[in-house]
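**Q** Take a look at the letters that make up each chain.
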Amino acid sequence: MNELLEFISNNLELIYILILAIFIGVELIKNVPSVLHTPLMSGANALSGVVIVGALLVMLQANPKDYLSLGLGFVAVVLGIINVIGGFAVTDRMLQMFKKKK
Amino acid sequence: MNITLSIIYLIATVTFVIGLKMLGHPETAKKGNLIAAVGMILAIIGTIFLHDFEVASINYILIGAALLVGTVVGWLIAIKVEMTKMPELVSLFNGFGGASAMLIGIVEYGNKVGDAMQTSTVIAAIAIGSITFTGSLIAWAKLNGSMKDIRLPKYNLLNNIVLLGLLAFSTYIVMMGGNHLFLIYILLFASLVYGILFVIPIGGADMPVVISLLNSLTGIAAAITGILYGNMVMLVGGILVGSAGLILTFVMCDAMNRSLSNVIFGAFGGDGSTEGVAAVG
Numbered sequence: 001m002n003e004l005l006e007f008i009s010n011n012l013e014l015i016y017i018l019i020l021a022i023f024i025g026v027e028l029i030k031n032v033p034s035v036l037h038t039p040l041m042s043g044a045n046a047l048s049g050v051v052i053v054g055a056l057l058v059m060l061q062a063n064p065k066d067y068l069s070l071g072l073g074f075v076a077v078v079l080g081i082i083n084v085i086g087g088f089a090v091t092d093r094m095l096q097m098f099k100k101k102k
Numbered sequence: 001m002n003i004t005l006s007i008i009y010l011i012a013t014v015t016f017v018i019g020l021k022m023l024g025h026p027e028t029a030k031k032g033n034l035i036a037a038v039g040m041i042l043a044i045i046g047t048i049f050l051h052d053f054e055v056a057s058i059n060y061i062l063i064g065a066a067l068l069v070g071t072v073v074g075w076l077i078a079i080k081v082e083m084t085k086m087p088e089l090v091s092l093f094n095g096f097g098g099a100s101a102m103l104i105g106i107v108e109y110g111n112k113v114g115d116a117m118q119t120s121t122v123i124a125a126i127a128i129g130s131i132t133f134t135g136s137l138i139a140w141a142k143l144n145g146s147m148k149d150i151r152l153p154k155y156n157l158l159n160n161i162v163l164l165g166l167l168a169f170s171t172y173i174v175m176m177g178g179n180h181l182f183l184i185y186i187l188l189f190a191s192l193v194y195g196i197l198f199v200i201p202i203g204g205a206d207m208p209v210v211i212s213l214l215n216s217l218t219g220i221a222a223a224i225t226g227i228l229y230g231n232m233v234m235l236v237g238g239i240l241v242g243s244a245g246l247i248l249t250f251v252m253c254d255a256m257n258r259s260l261s262n263v264i265f266g267a268f269g270g271d272g273s274t275e276g277v278a279a280v281g
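Going down the list, the protein sequences come from chains A and B.
Going by our numbering, the first residue of the first sequence is number 1, and it counts up by one from there.
Going by our numbering, the first residue of the second sequence is number 1, and it counts up by one from there.
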């Protein structure tokens with residue numbers, strides 16, 4: 001319990017940002033027309049690829065002799081960048097189709 | 001942290017918000033996607049070149065190779081796939097993001113042992129990452145048509161027991177402290193299994209809703225890893241996806257006149273309601 005309180009007092013700014021970001025996310029999506037649901041889901045999926053930054057940090061910080069960390073980090077970077085590049089590219093294609101229909 | 005890098009992360013975060021906002025309107029959607037993509041690439045390049053720790057050149061070579069392989073693969077899949085197969089592709093990509101968070105958690109566990117708060121963050125990243133990984137793969141396989149709906153008897157009860165078990169086990173690992181890599185592997189395995197159990201009973205027609213939910217979870221996993229590194233772009237980006245994805249999930253359910261619990265537990269009981277669900281979906 002003490003550790004939790006300590007964590008809160010040490011990371012108060014973080015918690016503020018977290019709560020505000022939750023509200024922004026909700027507000028951004030609230031009134032979206034249903035035709036855009038799938039592209040929006042796809043776009044959000046590409047954004048969740050931001051986890052790649054963490055994967056890069058793993059690889060940057062890994063000791064060159066620590067083959068396990070390097071190997072797992074390598075796979076994490078590959079998967080993360082597929083999520084990012086593939087995600088944005090697919091969203092773009094979906095929206096292209098959308099434009100033609102109009 | 002390098003101040004230039006901090007500013008780049010700030011810019012990237014703003015592009016995420018603007019991109020999501022513009023994705024919500026038909027006229028601006030395409031541009032919004034592009035803006036968010038530019039922000040993401042900025043964040044990636046900045047992370048590689050503007051950090052302040054020493055990195056051996058072999059690490060750089062491996063990073064370059066990983067980025068190259070992933071970019072080519074992701075790009076080729078994205079432009080080659082047929083239009084009708086896009087939702088399942090989103091699910092596959094989402095699973096990759098979850099797996100990435102899971103792997104980060106596994107690597108960082110050893111470095112964060114001793115601090116209960118840090119350990120719980122790592123454990124949450126591993127558990128949520130692996131659940132979204134296998135869950136998304138199952139959703140992908142179902143949309144693919146390569147997997148039929150399988151309903152184990154009493155699957156709702158079974159799933160809830162596994163979920164509670166996961167929570168209890170995670171708490172146990174945190175409470176125990178110390179370095180127990182073996183327990184982490186058990187947790188990893190159990191989470192992977194739960195991801196499968198969670199999606200398997202849900203009907204194929206409801207998959208878009210499930211994918212949206214899993215997408216939201218990947219966002220949360222990304223945010224958790226962001227807390228681990230004290231990295232703002234991961235934290236805010238992840239939370240944005242987490243909350244936006246969750247609301248989108250509810251909105252999609254609404255559009256089908258269903259509630260989320262009806263989608264997830266909808267086939268419960270296996271009587272007439274099952275057929276009703278299939279008909280609506």
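Hints may be right or wrong, so weigh each one.
Claimed, not checked - Below, computed lysine-lysine pairings styled on DSS-like, alpha-carbon distance capped at 30 Å:
#, chain 1, residue 1, chain 2, residue 2
1, B, K30, A, K30
2, A, K30, B, K148
3, B, K30, B, K80
4, A, K30, B, K85
5, B, K154, A, K30
6, B, K154, B, K80
As the list claims (entries may be wrong) - Where chain B lies over chain A, by a calculated footprint (3+ residues, C-beta under 8 Å):
#, segment
7, 22-34
8, 37-46
9, 50-62
10, 77-85
11, 89-95
To be verified - Chain A is faced by these chain B residues, among others (derived, beta-carbon under 10 Å):
#, residue
12, P26
13, G97
14, V113
15, M117
16, G178
17, I196
Keep in mind the hints are simulated off the structure, nothing from the lab.
No experiment lies behind these values; they were computed from the predicted model shown.
The beta carbon of each residue, even a glycine, is placed where N, CA and C say it ideally should be.
**Q** None of the hints should be skipped; say for each whether it holds.
**A** The hints, checked one at a time:
1. At most 30 Å may separate the alpha-carbon atoms for a hinted pair to count; B:K30 and A:K30 meet this at roughly 19 Å.
2. Straight-line distance between C-alpha atoms of A:K30 and B:K148 comes to about 33 Å, which puts the hinted pair past the 30 Å bound.
3. Taking the CA atoms of B:K30 and B:K80, the gap is about 19 Å. The hint holds against a cut of 30 Å.
4. A threshold of 30 Å between alpha carbons decides the hint, and for A:K30 with B:K85 the separation of about 27 Å falls inside it, so the pair holds.
5. A C-alpha spacing of about 35 Å is found between B:K154 and A:K30, which places the hinted pair above 30 Å, so the restraint is violated.
6. For the hint pairing B:K154 with B:K80, the CA-to-CA distance comes to about 41 Å; that exceeds 30 Å, so the pair is violated.
7. Closer than 8 Å: that is the beta-carbon criterion, and the segment 22-34 of chain A has 12 residues meeting it against chain B, so the requirement of 3 holds.
8. With 10 residues carrying a beta carbon less than 8 Å from a beta carbon of chain B, the segment 37-46 of chain A meets the three-residue requirement, and the given coverage holds.
9. As drawn, the segment 50-62 of chain A meets chain B at 13 residues by the rule of a beta-carbon pair under 8 Å; at three or more, the given contact holds.
10. A count of 9 residues in the segment 77-85 of chain A with a Cβ less than 8 Å from any Cβ of chain B is obtained; the coverage claim is therefore met, three being the minimum.
11. Beta-carbon proximity to chain B at under 8 Å applies to 7 residues in the segment 89-95 of chain A; the threshold of 3 is reached and the given coverage holds.
12. About 7 Å separates the beta-carbon of B:P26 from the nearest beta-carbon of chain A, less than 10 Å, and the hint is met.
13. At a threshold of 10 Å, the smallest CB-CB gap from B:G97 to chain A is about 4 Å, leaving the interface hint in force.
14. A hinted interface residue such as B:V113 counts as satisfied when its beta carbon comes closer than 10 Å to some beta carbon of chain A; here the least separation is about 14 Å, so the hint is violated.
15. At a threshold of 10 Å, the smallest CB-CB gap from B:M117 to chain A is about 5 Å, leaving the interface hint in force.
16. Annotation: interface hint on B:G178 violated; nearest CB of chain A at approximately 15 Å, more than 10 Å.
17. A least Cβ separation of about 18 Å between B:I196 and chain A goes past the 10 Å threshold, and the interface hint is therefore violated.
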